[in-house]
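Based on these hints, arrange chain B on the given structure of chain A.
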Amino acid sequence: EPEVTQTPSHQVTQMGQEVILRCVPISNHLYFYWYRQILGQKVEFLVSFYNNEISEKSEIFDDQFSVERPDGSNFTLKIRSTKLEDSAMYFCASPGTSGRVEQFFGPGTRLTVL
Amino acid sequence: QKEVEQDPGPLSVPEGAIVSLNCTYSNSAFQYFMWYRQYSRKGPELLMYTYSSGNKEDGRFTAQVDKSSKYISLFIRDSQPSDSATYLCAMTPAHTGRRALTFGSGTRLQVQP
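So the sequence lines, in the order shown, correspond to chains A and B.
Under my numbering, the first residue of the first sequence carries the number 14, and numbering increases by one thereafter.
Under my numbering, the first residue of the second sequence carries the number 39, and numbering increases by one thereafter.
Honestly, the hints are just simulated from the structure, not real lab data.
Be aware that a few hints might be false.
[Unchecked claim] From the derived model, a few chain B residues whose C-beta atoms are all more than 12 angstroms from chain A:
(1) Ile56
(2) Ser58
(3) Gly97
(4) Ser122
(5) Gln148
(6) Pro151
[What the hints assert, rightly or not] Below, a sample of chain B positions facing chain A; criterion: calculated Cβ distance under 8 angstroms:
(7) Met72
(8) Phe141
(9) Gly144
Even for Gly, the Cβ is constructed at its ideal location relative to N, Cα and C.
One chain only, chain A, in its complex shape (with noise of 0.2 angstroms):
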């Protein structure tokens, strides 16, 4: 099964402050997603990367979100300013190889913005 890990698993930050999370695949990945869980809600989709570009979006990632993969490997998420709302799980996920639909998630980093 394609796997991907994330780093840090939990991250305490201030508001306003500017986060980075990590998703490092196993793998040669061409396609990744973000995804968020607000605690005892629903995952809901953040923003697909395919071939270093940005594929799709919601409306939830707005001008505070940014993704790239910085040294062709890694593959990260970045808040600029936080706020308390953006207290979530957040998880990358991806399929493998492409042409695959099914995605696998990792294992979360977990938020909290005070």
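Relative to the frame of chain A, chain B by itself:
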């Protein structure tokens, strides 16, 4: 109307029971359907993946899709206490450029030993 509806539960069953979990959806563009299992504060784990209508079986798990009714089900046979978790349905149109998953809110399952 929500795009994907799922009864939140909790659903409590005795060990060995057959469990039926369901989702309804409103978007007829959905073509690919997935079931995930999620433990508290963990990432969703893919259980089953089906395309269009029909049945798919994998061990104790059977996934059913009825596109005419916009209704999908996951059956768990011989349920075990280790099956206690939240089960999420997810679906996507999977058109080129549109592969984002839309999730249900999840059903919490408790299997009593």
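Status of each hint after checking the structure:
Every C-beta of chain A lies more than 12 angstroms from that of B/Ile56, the closest at about 25 angstroms, which supports listing it as non-interface. No beta-carbon of chain A is positioned within 12 angstroms of the beta-carbon of B/Ser58; the least distance is around 20 angstroms. Separation of B/Gly97 from chain A is adequate, the least Cβ-Cβ distance of about 15 angstroms exceeding the 12 angstroms criterion. B/Ser122, annotated as away from the interface, keeps every beta carbon of chain A farther than 12 angstroms; the closest lies near 18 angstroms.
Distance check on B/Gln148: its Cβ is at least 17 angstroms (rounded) from any Cβ of chain A, clearing the 12 angstroms threshold; non-interface status holds. Annotated as non-interface, B/Pro151 keeps its C-beta farther than 12 angstroms from every C-beta of chain A; the closest such distance is 26 angstroms. With 8 angstroms as the threshold, the beta carbon of B/Met72 comes within range of chain A, its nearest partner Cβ sitting at about 6 angstroms, so the hint holds. Interface restraint check: B/Phe141 against chain A, minimum CB-CB distance 4 angstroms, threshold 8 angstroms, status holds.
Because the smallest distance between the Cβ of B/Gly144 and any Cβ of chain A comes to about 7 angstroms, under 8 angstroms, the interface hint for this residue holds.
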